[in-house]
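Visitor: In the order they appear, the protein sequences are chains A and B.
All the letters of the first sequence, read from the start, carry residue numbers 1 to 119 under this note's numbering.
All the letters of the second sequence, read from the start, carry residue numbers 1001 to 1434 under this note's numbering.
Everything labelled a hint here was simulated from the structure, so no lab data went into it.
One should not assume that every hint holds.
Claimed, not checked - Partial selection, computed: residues in chain B whose CB lies under 10 Å from chain A:
hint, residue
1, S1105
2, D1107
3, L1121
4, F1133
5, V1158
6, V1161
7, M1169
8, T1173
9, L1191
10, G1195
11, D1305
12, P1306
13, A1308
14, S1309
15, A1313
Even glycine gets a Cβ: it sits at the ideal position worked out from N, Cα and C.
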Amino acid sequence: MKQVGFAAFVAFWSCVGTLLMLFWLVPVTPSDAAEEKPGYTLAEVAKHNTTEDCWMVIESRVYDFSDYIPKHPAPAIVMANWCGNEATEGMKTKGYGNNHSQMAWDMMARYQIGVLKED
Amino acid sequence: MIPSKLKTFTLTLAILPGLLALLFITAADFSSAGALLNVLGRLTGIWGMALLLVAAILCCRVPGFDQPFGGLTKLWKLHHQLGATGFLMILTHPLLLAFAAAEISMDAAVYTLFSSQSAVLWGWVALIALMIFMAPTFAFFGKPDYQRWKWMHNLSGVTVVFALVHTLMLSRTLPGHWGNAVWGLLALMALGAIGYRWIFSRWRGRLPYKVTEVTHPANNVVELTLQPLRAHLKYQPGQFVYLTPFCRELESGNNEEHPYTLSSSPCEPTLRMAIKALGDGSRALQNLAINTEVSVEGPYGRFFDPKASANQAELWIAGGIGITPFLARLRHHARLNEDVNVHLIYCVQDEARLVFGDELQKLSNTISGLSFTPHFFYQQGPLNSYFVKQHCPDFNHREVYICGPVPLIDSSRRILTDAGVPLSRITTEEFVLS
């Protein structure tokens, strides 16, 4: 067991080191420029306020989370209240002061459909 | 409860939180390779945490708690298995979560590991602390000194608290009240065990004794006689205690506890223990002064079955200082004038190392039903089946007890099982405790 423990210890730091090395070496792919996306007003977003048709505004970007809601770790009701609304606070606090992980923030890019425009 | 059932119960308790979490896993958790890695990452975190908590519960060392597990040695083995498996799972947990995030982007993978979120920071504090405190256990940097290992290993209990903070802040696989109930219950039990070990046992669990006699039955072996200063310990023959001497003049081991088997009969008004110089602490005890105050914590171990009848047919194989539990039982039978049905084979290198040889010879003359056969390695080579059969022809119908160094235990077990003795009839006690 001692050898297994030592091997696991070495493997752990090797994996962490490899991840950091890749992060440092692999160039960042520029994401789609937000400016190229269509613009939506808050009034338009507000029409998509159900869990089946759920748009949200987070940091001036518009997202369609309709397909994501069934995959969200928390029950659908947690996200339902933010559908059709400005939801930056929800994203940053989860409702109890805890920000979402970087993974969650990065994953949102998949669901962006546009940017917020003035009414 | 028999030991195997209790072991199953303990393992069930350790894997229960993970099994409960499986109930809350949805189809979305299998929607992609990343989602699957993510759920596996969360499950290894839950199982790792639960295994570490149950391992912490088992280390409480409350006298008597080890009995249903078959003795403290077997309880320690279970503690080691759970702790080591938990440690491996905890190492896997952040890596799987980072690999899962790599499906989104490399940034997400790295930021999953190195987030500034306080919950993640607590996770790192717990993990690094666990690595530091477990390093001597896994001998990452060579074999450590016993006392340093023990001190570091005790500190690993602190990591449980850090890991709990991390778990309670991030836990989402076990939702709401389920998470609080599962972690709250296990944490309460673990903290209770650690609290007993660190606080209660130090003040109330140890009995004060005084050294009244020091004899040397052989070179490098001392037998201490201890007189109780308060209450006298209640124990069974063959059990062991943790002895802590309080003597600043000792070359080594002052105020340090070490386990030693009692060699006295429970009927005696004093405690006796035979100690061979195997390390710095036990070597220093060879010259312990009369009237030195010591503390005794225990008793632990369950070498002999306390429910077995006195005249059960038994074969005892002892190696070196492993004679101690057998000596304790023979002294006890002699005091009670009980007949036995025992054959004792005592394996030593040569006559000079036949510790308590004269007393054993006398006991075999006074206790009816006791046969005593010394085995000398320098004359007869390693113990073999021919020797056992020659001196104890009906050995494969007897309950067998073996105590001594690991090579003797292994070879004796092989001789016996090759002759058809089932493992369930063989009880062993290694003289290596950690």
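Visitor: Failing hints, ascending?
Guide: 3, 4, 5, 6, 9, 10, 11, 12, 13, 14 and 15
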